[in-house]
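S.K.: Here is what each chain is made of, one letter per residue.
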Amino acid sequence: MTTPHDLERREFLKRLAAGGLVIAVGASGVRRLEAMPAFFAAGDPFQPSVHLHIGEDGLVTIVCHRSEMGQGVRTALCMVMGDELEADWTTIRLEQAIGDPKYGSQNTDGSSSIRGTEYPRLRLAGAAARTMLEQAAAAEWGVPATDVAARNGAVVHVASGRSLPFGQLVSRARLFPVPAAPKLKDASQFRFIGKEVAGLDLHDILTGRAVFGQDAKMPGMKVAVILHPPVYGASVATVDASAALKVKGVERVITLATTPIPSGFQPLGGVAVVASSTWAALQGRRALKVTWTASPNDAHDSVAYRAALQASSRAPGRLVRKQGDVAAALSSAAKKVTAEYYAPHLAQAPMEPPAAVALVTGDTCVCWACTQDPQSARNEVAAALKVPKENVTCHVTLLGGAFGRKSKPDYVVEAALLSREMKAPVKVVWTREDDLQNGFPHTVAFQHLEGSLDATGKVTAWLHRVASPSINTTFAPGVTDLSDGELALGILDLPYAIPNVQAESCKAAAHTRIGWFRSVSNVPHAFAISSFVDELAHAAGRDPRDFILELLGPDRIVDMTKVGAVKPVDNYGDTWEAHPLDTARYRKVVELVTMEAGWGKKLPKGEGLGLAVHRSFLTYVAVVVHAKVGANGEIAIPRVDIAMDCGFVVHPERVRSQAEGAVIMGLSNAMTSELSFKRGRVVQSNFNDYRVLRMSAAPRALHVHLAPSGGLPGGVGEPGVPPVAPALANAIYAATGKRHRSLPLGKA
Amino acid sequence: MRLTVNGTSRSYDGDPAQPLLWYLRDELALTGTKFGCGIAACGACTVHVDGQAIQSCVTPMSAIAGKHVTTIEGLSVAGDHPVQKAWADANVPQCGYCQSGQMMAAAALLKQTPKPTEADIDRAMSLVICRCGTYTRIREAIVAAAGGR
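Quick mapping for you: the protein sequence lines, in order, are chains A and B. Under my numbering, the residues of the first sequence are numbered 1 to 748, in order. Under my numbering, the residues of the second sequence are numbered 749 to 897, in order.
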């Protein structure tokens, strides 16, 4: 099967100008546009995020407004819209959107490109266009619309077999009103949705032709690397550039201003070396002699900070959930269990370090970047250049991994500022050292949990205190603890049938930029919660699987207005009505994964199975890790089973691959990775000391079990990660009786 | 000095200390070879020099004089090297950034060890990091490219 491919932008614009049928879908429904894409003012309820164009040449153009980073969004959009349209797959072309509000939200985060309301919108666009094409054919032939049907790029008169290709019907189809609620295809008729479809970018990747941010170029382009301040908040004091300027190929050394704390998406500042080649720029940077101003974060030290977080979590914090009377239940319990968990800062460390190319000409700027959010990139570049954002065009390349790092466009701004100085196109290349030491680390968390059991082993109380610096500290002063949105990632939405539940958010100051990381605060929260459930199970003398199923209680929809949350609980930006907290779905993934993994089977000494279940991004995931612990404590993982209920599955091959990748990243988080600070600086510098999972440590067997329960799709990219680390810790406990409460495992 | 890149003879008179990686990417525009770490710790830059898998980010041009370099762009004419075919069949890539290095490492492994054991695969492939986590599929693809087990 030929795959849709990217259009040259000029060809795209030319074809769109030539007319055709343009359908767009926004929150308030579906419309036909005269041209694609059009801008709708902020007050207009119609803010389309989905754009579909069928040309008189029969070519179908789908605009991909989200960024591709391996999750398969470019392919999935074509699958859904193309299927509802009844398009011929070989006629589908994909246009990667520039950053512009006319495309709706382009922020590729929160596992949100397909989930929730996006999937119905994509279908609506395809179905509306198909219906209009069918009406056009029926009118052409003078037959009732019920006698015709779109099939593979043409409309067929069913009785006679006559057919007209889409291209010939487009001009007539435009005359019909856009159906507000066109008939959607029955699932049995799907040709792409839910089927195995090869990725659009697969061949380019396999032949080395795929263009990532690091590969982008413009004629006459210079290359810059930047020596960033080693401590957050420091700025350049003195620069001796004499040696750097002697390096052959180095053209200029430019000091960049430091954005004051909190610096948001704006750059850290530092000293840029601009050269004719990457090698010259790197050599030049090595030759710089720079001193830095003092920073309030100069004394930041991860060992002392951990102790401070621990102290914070041992005292009452901001009350965010109170159900029943935890204090009374704890004091009268037959058995009380207390445990504390630590999860360190992590680096997203995508294999492609951040990079961007920009060309500033007068008061306009064109850039190419591996960004998860080209709208933010555009806004931040415009703000830094002090030009209207309409003057900034941000193109999106493929992303060589992102995991949240590339939501923050500081490197794009750097390229723009340097291009303005150089009056030439400039590519900013971040090195791995920059990525690890000057990035936006994932939050760090210390959590204090207390639970109680009655004489029969039932959980009567659950107290959860978390001390963890908020992402919001990067954007606003005076942020003292996690936001309610971050607390909704596992803590406020704890589903268990426990009569007394209390959650508190304790103070945690930030001494670095904090940023999103794949599945965000779910990572530390799920580690603590699912480890603690396992600890309670063992304290009660129960099998952890049976204990979890009992803790879930009877199948039910948890009424989120009655869980004692102090404020309404966020549901990943969606409604609880559309995506309720459903304990039956937890139960089913637990039952599936334990059955597939052979839960309860006899294992040799030193081996064990561990189980964890977590819901995030509207998707339910349960994991069983089989761990094997050697005589010297070395951990091997013969097998991992992961069961996922993401509602409806659009692109099964990519859903499985995302689940596999989540297991590997979850194991990295659990076993090897830690970003730590000393004297305000990140200790680790590259993959030699910021360790991530490699082939030799990867599970020998990794089984994904999809258990879609139907309805709307949930998120896919992130929800696999959170239950992995606790499942491993629980497996090690089962294997050895040793409880790991601090990540990475095996360290202290 | 002279060298051969993907079958084409080239002359080079630049900085002999420049790593092969930047020569390939910046001067020949062969951007299929990726920059990931610069210290031979991640393998994204893996290419073949006289048939051996090496990390081009730490290999100076002076070490390449008279040698034959093969990059992902030169692994096959039509993208149909057995490794590329096995990678496609197993849908290995996610983001794809490390996959040039993965495939070059795998191709060199299979050339030297046509029927690699699990330990052979671990040894050769643990030099190349994949952050998306495609390891199980890489293993599966190598076994398939080796003609199955």
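Heads up, a few of these hints could be off.
Claimed, not checked - Taking beta-carbon pairs under 7 Å as the criterion, some of the chain A residues facing chain B (in silico):
#	residue
1	Gly55
2	Glu56
3	Ile205
4	Thr207
5	Val629
6	Asn632
7	Pro652
8	Val683
9	Gln684
10	Phe687
11	Asp689
Stated by the list, open to error - Taking lysine to aspartate or glutamate pairs in the DMTMM-like style, the calculated list, with each CA pair at most 20 Å apart, reads:
#	chain 1	residue 1	chain 2	residue 2
12	A	Lys217	B	Glu775
13	A	Lys248	B	Asp761
14	A	Lys628	B	Glu866
15	A	Lys678	A	Asp301
16	A	Lys248	B	Asp763
17	A	Lys601	A	Asp543
18	A	Lys628	B	Asp870
19	A	Lys246	B	Glu866
20	B	Lys833	A	Glu653
21	A	Lys248	B	Glu866
22	A	Lys195	B	Asp870
23	A	Lys567	A	Glu550
24	B	Lys833	A	Asp301
25	A	Lys246	B	Asp837
26	A	Lys678	A	Asp298
27	A	Lys738	A	Asp543
28	A	Lys217	A	Asp543
29	A	Lys185	A	Glu196
30	A	Lys217	B	Asp837
31	A	Lys248	B	Asp774
32	B	Lys833	A	Glu340
No lab work stands behind these hints, which were simulated from the structure alone. Idealized CB from N, CA, C, for every residue including glycine.
S.K.: Against each hint, give a clear statement of whether it holds in the structure.
M.R.: Hint by hint, here is what the structure shows:
1. Gly55: 29 Å, violated
2. Glu56: This interface hint is violated because 33 Å lies over the 7 Å limit.
3. Ile205: A:Ile205 check passes; min Cβ-Cβ to chain B is 3 Å, inside 7 Å.
4. Thr207: Constraint on A:Thr207 satisfied, holds at 4 Å.
5. Val629: Because about 19 Å separates A:Val629 from the closest Cβ in chain B, which is outside the 7 Å limit, the hint is violated.
6. Asn632: 19 Å, violated
7. Pro652: Cβ of A:Pro652 sits 11 Å from chain B, so the hint is violated.
8. Val683: 16 Å, violated
9. Gln684: 12 Å, violated
10. Phe687: Hint holds; A:Phe687 Cβ to chain B Cβ min 4 Å, cut 7 Å.
11. Asp689: Violated, about 9 Å.
12. A:Lys217 <-> B:Glu775: The given pair, whose Cα atoms are some 12 Å apart, holds under the 20 Å limit.
13. A:Lys248 <-> B:Asp761: 13 Å, holds
14. A:Lys628 <-> B:Glu866: 18 Å, holds
15. A:Lys678 <-> A:Asp301: The given pair, whose Cα atoms are some 4 Å apart, holds under the 20 Å limit.
16. A:Lys248 <-> B:Asp763: 9 Å, holds
17. A:Lys601 <-> A:Asp543: 12 Å, holds
18. A:Lys628 <-> B:Asp870: 18 Å, holds
19. A:Lys246 <-> B:Glu866: Violated, at roughly 50 Å.
20. B:Lys833 <-> A:Glu653: 17 Å, holds
21. A:Lys248 <-> B:Glu866: 46 Å, violated
22. A:Lys195 <-> B:Asp870: Cα-Cα ~32 Å, so violated.
23. A:Lys567 <-> A:Glu550: It is violated: about 28 Å lies between the C-alpha atoms, which goes past 20 Å.
24. B:Lys833 <-> A:Asp301: Between B:Lys833 and A:Asp301 the Cα gap is close to 49 Å, so the pair fails against 20 Å, i.e. violated.
25. A:Lys246 <-> B:Asp837: 51 Å, violated
26. A:Lys678 <-> A:Asp298: Given that 20 Å is the threshold and the Cα spacing comes to 9 Å, the pair holds.
27. A:Lys738 <-> A:Asp543: 17 Å, holds
28. A:Lys217 <-> A:Asp543: Cα-Cα ~58 Å, so violated.
29. A:Lys185 <-> A:Glu196: Since the Cα atoms of A:Lys185 and A:Glu196 sit roughly 18 Å apart, the hinted pair holds (cutoff 20 Å).
30. A:Lys217 <-> B:Asp837: 31 Å, violated
31. A:Lys248 <-> B:Asp774: Answer holds: A:Lys248 to B:Asp774 is near 15 Å, not above 20 Å.
32. B:Lys833 <-> A:Glu340: Outside the cut-off at roughly 49 Å; violated.
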